[in-house]
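Protein chains in written order, with our numbering: chain A, 7 to 438; chain B, 155 to 797.
Because the hints were derived from the structure by calculation, they are not lab data. Please note: incorrect hints may appear among the correct ones.
Pairs of lysine-lysine residues, derived as DSS-like cross-links and limited to a Cα-Cα distance of at most 27 Å, are as follows [to be verified]:
{"id": "1", "chain 1": "A", "residue 1": "K53", "chain 2": "B", "residue 2": "K592"}
{"id": "2", "chain 1": "A", "residue 1": "K327", "chain 2": "B", "residue 2": "K244"}
{"id": "3", "chain 1": "A", "residue 1": "K403", "chain 2": "A", "residue 2": "K391"}
{"id": "4", "chain 1": "A", "residue 1": "K97", "chain 2": "A", "residue 2": "K109"}
{"id": "5", "chain 1": "B", "residue 1": "K652", "chain 2": "B", "residue 2": "K592"}
{"id": "6", "chain 1": "A", "residue 1": "K46", "chain 2": "B", "residue 2": "K227"}
{"id": "7", "chain 1": "A", "residue 1": "K317", "chain 2": "B", "residue 2": "K592"}
{"id": "8", "chain 1": "B", "residue 1": "K158", "chain 2": "B", "residue 2": "K244"}
{"id": "9", "chain 1": "A", "residue 1": "K179", "chain 2": "B", "residue 2": "K395"}
{"id": "10", "chain 1": "B", "residue 1": "K712", "chain 2": "A", "residue 2": "K438"}
Here the structure is a predicted model, which is why all the values come from computation and not from measurement.
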Amino acid sequence: MAENIKTANYDALVIGAGIAGGEAALNLANNGFSVLLVEKDLSIGGKMILLSKVFPTLDCAACITTPKMSEISRHHGITIFTGSEVQKVVKKSENSFEAVVIKQPRYVVEDDCTACQLCEQACPVVVKDQYQYNLVGRKAAFIPFSIASPRVAAIDIENCTLCGACEKVCPTKCIDFTMEAEEYHITAGAVIVATGFRLFDPLKIPRYGYGQYKNVLTSMEMERQLAPTRPFNTVLRPGDGKVPDKIAYVLCTGSRDATVGNPICSQICCMYSIKQAQLLMGSLPMADVTIYYINIRSFGKGFEEFYEQAKGMGVNFIKGKIGKITEKENGNLILRYEDINENKLKESEHDMVVLSVGVLPNTDAAGIFREQKLEFDHLNFVGQKDPLASPAETNIKGVFVAGTASGPMDIPDSILSAGAASSEAMRYLIRK
Amino acid sequence: MNKKLGVYICHCGGNISDYIDVEKVKAAVAGEDGVYLAKTTMFACSDATQKEMVEDIRSNNLDGIVVASCSPKLHLLTFRAVSERALLNKYNYVHANIREQGSWAHSDDKAGATEKAVSLVKAAIAKVRLARSLDPIIIPSKKAVAIIGAGVAGMRAAIELADMGCPVTLVEREYFVGGRVAQWDVMFTTNQTGKELVTRLYNEVIARDNITLLTGAEVVANSGSIGDFTLKIKVTPRYMKEKCDQNNLLKAIEACPVVVPDDFNFNITSRKAIYHNFPGEFPQYPVIDIKNCTRCGECEKICSSVDFSQQEQTVEVHVGSVVMATGFDPYTPAEGEFGYKLSDFVVTLPQFKRLTDINKDNLVYNGREIRNIAYIYCVGSRQSEGDNKYCSRYCCTSAIHASLEARNKFRNVNNFHFTRGIRTYGKQELLYAESLRKGDVYLQAYEENPPLVEVKDGQITVTINDIMTGGREISVIPDLLVLVTGMVPRADNSIASKFKLPKGRDSFFNEIHMKLRPVETVIDGVTISGACQGPKNITESVNSALSAAAKSYSFVNKGELALEPIIAGIDKDLCTWCGECEKACPFDAIKKEKQGEKEIAVINNSVCKGCGMCLPVCPVNAINLIAFSDREIESMIDALVSV
Chain A
7 MAENIKTANY DALVIGAGIA GGEAALNLAN NGFSVLLVEK DLSIGGKMIL LSKVFPTLDC
67 AACITTPKMS EISRHHGITI FTGSEVQKVV KKSENSFEAV VIKQPRYVVE DDCTACQLCE
127 QACPVVVKDQ YQYNLVGRKA AFIPFSIASP RVAAIDIENC TLCGACEKVC PTKCIDFTME
187 AEEYHITAGA VIVATGFRLF DPLKIPRYGY GQYKNVLTSM EMERQLAPTR PFNTVLRPGD
247 GKVPDKIAYV LCTGSRDATV GNPICSQICC MYSIKQAQLL MGSLPMADVT IYYINIRSFG
307 KGFEEFYEQA KGMGVNFIKG KIGKITEKEN GNLILRYEDI NENKLKESEH DMVVLSVGVL
367 PNTDAAGIFR EQKLEFDHLN FVGQKDPLAS PAETNIKGVF VAGTASGPMD IPDSILSAGA
427 ASSEAMRYLI RK
Chain B
155 MNKKLGVYIC HCGGNISDYI DVEKVKAAVA GEDGVYLAKT TMFACSDATQ KEMVEDIRSN
215 NLDGIVVASC SPKLHLLTFR AVSERALLNK YNYVHANIRE QGSWAHSDDK AGATEKAVSL
275 VKAAIAKVRL ARSLDPIIIP SKKAVAIIGA GVAGMRAAIE LADMGCPVTL VEREYFVGGR
335 VAQWDVMFTT NQTGKELVTR LYNEVIARDN ITLLTGAEVV ANSGSIGDFT LKIKVTPRYM
395 KEKCDQNNLL KAIEACPVVV PDDFNFNITS RKAIYHNFPG EFPQYPVIDI KNCTRCGECE
455 KICSSVDFSQ QEQTVEVHVG SVVMATGFDP YTPAEGEFGY KLSDFVVTLP QFKRLTDINK
515 DNLVYNGREI RNIAYIYCVG SRQSEGDNKY CSRYCCTSAI HASLEARNKF RNVNNFHFTR
575 GIRTYGKQEL LYAESLRKGD VYLQAYEENP PLVEVKDGQI TVTINDIMTG GREISVIPDL
635 LVLVTGMVPR ADNSIASKFK LPKGRDSFFN EIHMKLRPVE TVIDGVTISG ACQGPKNITE
695 SVNSALSAAA KSYSFVNKGE LALEPIIAGI DKDLCTWCGE CEKACPFDAI KKEKQGEKEI
755 AVINNSVCKG CGMCLPVCPV NAINLIAFSD REIESMIDAL VSV
C-alpha cells in the first residue's frame with residue numbers, strides 16, 4: 007500500500023458527510039472553495055437520510071436529504087470519499103493541514119456499477135441489515151439502501167464467503183476482489199469536524215428489557231418502520247409480526263440519567279417521539295399511542311404547536327418515568343411507572359414499546375488530531391472554545407466543528423451550526 | 155413542430171403511490187401527443203433517477219420533460235438542474251404537483267386522486283409543448299452588505315463579512331451597540347458578562363476599516379432589490395462631541411434636571427436626559443436624549459463636549475444584500491397578569507437580571523431586602539388563549555441561571571420556581587441539576603391550572619396545586635415575584651414593511667424553509683439572523699448570524715447574479731398607462747415611463763418576481779407573464795377540462 011500513496015490538495019477537509027458536514031461542504035463549494043468530504047460509511051447522508059419524516063414540518067426526510075446529497079455528489083467543487091477514514095491530521099502552519107485518509111476497498115469499481123442489484127440476488131450470504139437497524143436482512147454483496155449516495159454496490163468482506171457468485175452475474179464486471187485500501191495524503195487549508203453523534207445503547211438499562219423482549223425497540227428501529235423505504239411496508243411488532251395497537255414511548259431512555267453516565271438532555275427525543283406518534287396515528291388509525299415523559303421539551307420554532315397538535319390528534323401524554331418493563335407470555339409488555347398526575351404507582355399494558363434513546367458523543371475525531379490535540383468538553387463532545395461569540399471554533403485555529411459533534415442538536419440547529427462552521431472556515435481561508 | 159417529451163411520475167416512496175395508482179397515470183398519459191417516453195419512479199429526486207433522466211434526455215434528444223411528484227417548492231431547482239446537466243434548457247421542464255395537490259389532499263378517494271393526477275399531468279404536458287428556452291437575467295451585484303441591528307448577531311455577522319473582504323454598513327437604531335446582551339450580567343455557559351462579550355465584539359468591529367457603524371440610525375426607505383439595494387438611513391445626532399472629559403461629564407449628568415425611566419434597566423431605575431447606560435458602554439461617549447431634554451443648558455455650562463448644533467443626517471448606502479438582525483423584545487405582561495403592576499415587588503425576568511447586576515452586596519429593591527424569591531415561568535409563552543403559542547426557548551435556562559446567580563451573589567436567598575415543566579434542553583440540563591442540588595424548590599402545574607397570585611396589604615402570595623406532590627396546594631409568600639417573560643417580536647417592527655418581509659404564525663420573521671433555506675426570506679437578497687427569526691439563545695443567534703453572513707456573502711461575492719427570467723412583460727403598443735398595474739404590484743417593480751408621445755408602464759426586470767398580480771388588472775390585456783402566457787394557461791385549462 008505504502009508505495010501507492012496518492013496526494014491531493016483542497017481548500018477544506020470536511021470530516022463526516024451527514025447533514026451538517028454536507029451542508030458545510032456545499033456552502034464552501036458554492037462560494038468557490040474546493041472541499042474533500044470524507045465519510046466512513048458507504049453512503050453520505052448520515053442519520054438524517056435514514057429517517058422517516060422530520061419535525062415540525064413533517065417533510066419527508068428523504069425528500070430534503072436526497073436533493074442535497076445529490077447536489078453535493080455532483081458539485082464540481084466537492085470530492086467525496088465514502089467508506090473512508092481520516093487517520094490523522096497534523097497542523098503544519100496556519101492554513102496548512104496535512105491529513106492521511108484511508109479509503110477502504112469497496113470491492114466494486116464505483117464508476118462501473120449500475121446498481122442493477124444482480125449481485126445482491128446472486129449472493130448466498132444473509133446478514134443483518136444495519137441500515138434497516140437490523141429489522142431485516144441483507145446480502146454480503148449489497149447496495150446499502152435504495153436512496154444511498156453513491157448508489158453503488160459494496161462487498162461486505164467480513165461476511166463474504168468469496169464464493170464468486172456475484173462476480174459471475176455482474177454485467178459490467180465491476181466486482182474486484184483484489185482491491186486494496188488506498189492511502190491519500192491530503193493538504194487542506196481548513197478542517198471541519200462534523201462527526202455527528204452516537205445513539206444510546208439501551209442494553210445499558212436492563213430493566214427495560216431491550217434485547218430480551220422482542221417487542222421493545224428503539225426509536226431508530228421505529229423510525230425505519232415508518233420511513234418510505236421501510237422494510238415491511240407497515241408497522242409490525244418484531245416478536246410475531248402483529249400490527250400493534252397499543253404503543254408506548256419511553257422518553258429519556260439514556261438521557262437526563264446520571265446512572266448511565268449521561269446527565270444531559272438529548273434535545274431531540276421529545277420531538278421525534280411526538281412526530282412518530284403523529285405518524286403512527288396516521289398509518290395505524292386504530293392504535294393508541296402513549297408517551298411517558300419527565301418533561302416535554304418542545305422548545306424550537308413551531309415545536310410547541312406541534313406538541314399541541316399531537317395532543318389534539320389523541321396522543322396520550324403521561325407524566326411519569328418508567329421504572330421497569332416486564333413481558334407477558336403473549337409478548338405484550340407491562341410498564342411500571344409513577345403516574346405523577348395521580349401520585350400513584352401504576353402498571354399499564356402495551357403491545358409494543360419504543361425506547362426514545364438519547365444522543366451520545368461520537369469520539370471518533372479524538373485520536374486523529376496529532377501534535378496539537380483536539381480538545382473535548384467534559385461530556386466528550388468536541389470542545390467549543392468560544393461558545394457564545396464563535397460557536398464553531400475549536401481549540402485548534404483553522405479547525406471548526408459543525409452539527410451534533412459539539413452537542414445534541416436537532417436538524418434545523420445542525421444546519422445553522424454547519425452554516426456557522428462553513429462561514430468561519432471561509433473567513434479563515436480568505437483572511438490568510 | 156412536434157416536441158419529443160419525457161414524463162416521470164413519482165411514487166415518493168408511497169407518499170404518492172399509496173393513494174394514486176401511478177401506473178394508471180403513466181398509461182393514461184403515455185399516448186398524449188408528443189410523449190416519447192413515460193416512466194414511474196420510486197423517488198424522482200434520488201440520485202439514481204436523476205442520472206436516468208439525464209441519460210433519457212440526452213440519448214433520446216428530448217425537447218422537454220414533465221416531472222409529476224411533490225410540490226415544486228421542494229424540487230423545482232432539483233429538476234431544473236437535471237435538465238441543465240442534460241443540456242436541455244431548464245425552462246423546458248414543467249412540474250406537476252400530484253402529492254400536495256393529489257395524494258395528500260385526497261387520501262380518502264384513491265380513484266379520484268388518480269383521476270386528478272392524470273389531469274394535472276396532462277395539463278403539464280400541454281404547457282411543456284408550448285415552453286420556450288429562456289436565459290437568466292444577469293445583473294451586477296454590489297459587493298457590500300448592510301446589517302440592520304448591532305446586537306451580538308449583527309456585530310458577529312459584520313465581523314465575518316468584513317473578514318471575507320466584503321464592506322459592511324452596520325445600522326443600529328439605539329445609540330449604543332450590543333442589543334439585549336449588553337443588558338445581561340454573567341451569562342451561561344461561559345461566565346462571561348454580557349458587557350465583556352459586547353466590548354470584545356465592538357472592539358473587533360471598530361478595528362475593521364471596511365465596517366461602517368452607524369448608531370442612532372434607522373433605515374427610513376429601501377428601494378431596489380437583490381444585487382442593488384438603496385437604503386436611506388436617518389442618523390440622529392448624539393448632541394455630544396466624541397472626546398469628552400469624564401469628570402465634567404459626570405458633573406453634567408448630575409446637573410441635568412430631567413429624570414426619566416431608564417429603559418436600559420427596564421425602568422427599574424431612572425436616568426437623566428444626558429446619559430450613558432453604563433460607563434464604558436460603546437461607542438464610549440454619552441447621548442443627549444433630545445426628546446426629553448428641556449434645553450435648559452445646564453450640561454452645556456459644565457461640559458464643553460455638549461453640542462446642540464449637531465444636525466440630523468440622511469445617509470444613502472448601496473448594497474447587494476441585507477442581513478436583518480433586529481432582535482426581540484421581552485414580553486410585557488398585561489396589568490394584573492400574575493400580579494404584574496399590582497405590587498411594586500412583581501418584576502419581569504429582564505428586570506430581575508438588571509436588579510441582580512446593579513445590586514452589589516445585598517439584594518435590595520424598593521427598600522426591601524429580598525430573600526425569598528418566587529419565579530413564575532412561561533409568562534407570555536405557550537399561551538393557550540393568547541397569541542404566543544410558542545415556547546420562548548431561552549427563559550427556563552435564563553431564569554434558573556439568574557436564580558443561581560442571586561443565590562451565589564447574595565446571602566440567604568431562597569428560590570421557588572413555579573414551572574410548567576422545565577425545558578433546559580441539551581447541556582443546559584446540568585444547570586437545572588445544579589439548581590436542584592443547591593436546594594431550589596421546583597413546583598409545577600399544567601396550563602389549565604396556573605399558579606394564583608394574590609396581592610393583599612402589600613403582601614404577595616403565590617399558590618399552586620403542585621402536581622409533583624400529588625396536587626397539594628402550596629403557597630409561597632415571596633419578597634419578590636419574578637415573572638419569567640418570554641421573547642416577542644420587536645414592538646416597532648416597521649423595518650419589516652420597508653423590506654416587505656413576511657412573518658410567520660408567531661409574528662417573527664419567516665425563513666423560506668427551516669431546513670433547506672433557514673436564513674433566506676422570500677425577498678431575494680434579504681437574510682434573517684438571530685432572535686428576529688424566533689427565540690434563540692446567544693450561541694444559536696450567532697450560529698444563525700454566521701449562516702446569514704455566509705449566505706449574504708454568496709449573493710455578492712461574484713459581482714453578478716443570475717435572476718429568474720420568468721417575469722412580466724408589457725406590450726408597448728397596447729399599453730395606455732392607467733396605473734392599475736403599478737397599484738397591484740407588491741414589489742414596486744412597475745413605473746410609468748414616457749416613450750415618445752406616449753406614457754406606458756415599464757417593468758424593472760431585477761425587481762419583478764413574476765407573481766402575476768399585474769396581469770388580471772390590466773384593462774387592455776397588455777401584460778403577459780413569460781412562461782405563463784395566456785396561450786400556455788389556456789392550453790393547460792383545455793387539457794384539464796377535456797379529461
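Hint by hint, here is what the structure shows:
1. K53/A - K592/B: violated, 38 Å
2. K327/A - K244/B: It is violated: about 55 Å lies between the C-alpha atoms, which goes past 27 Å.
3. K403/A - K391/A: Satisfied, since the Cα-Cα distance of roughly 10 Å is no more than 27 Å.
4. K97/A - K109/A: With Cα atoms ~21 Å apart, K97/A and K109/A stay inside 27 Å; holds.
5. K652/B - K592/B: With a Cα-Cα distance of about 50 Å, the restraint between K652/B and K592/B is violated, given a limit of 27 Å.
6. K46/A - K227/B: violated, 32 Å
7. K317/A - K592/B: It is violated: about 35 Å lies between the C-alpha atoms, which goes past 27 Å.
8. K158/B - K244/B: holds, 15 Å
9. K179/A - K395/B: Distance of about 80 Å is beyond 27 Å: violated.
10. K712/B - K438/A: holds, 19 Å
Consistency note: the structure conflicts with the earlier hints numbered 1, 2, 5, 6, 7, 9.
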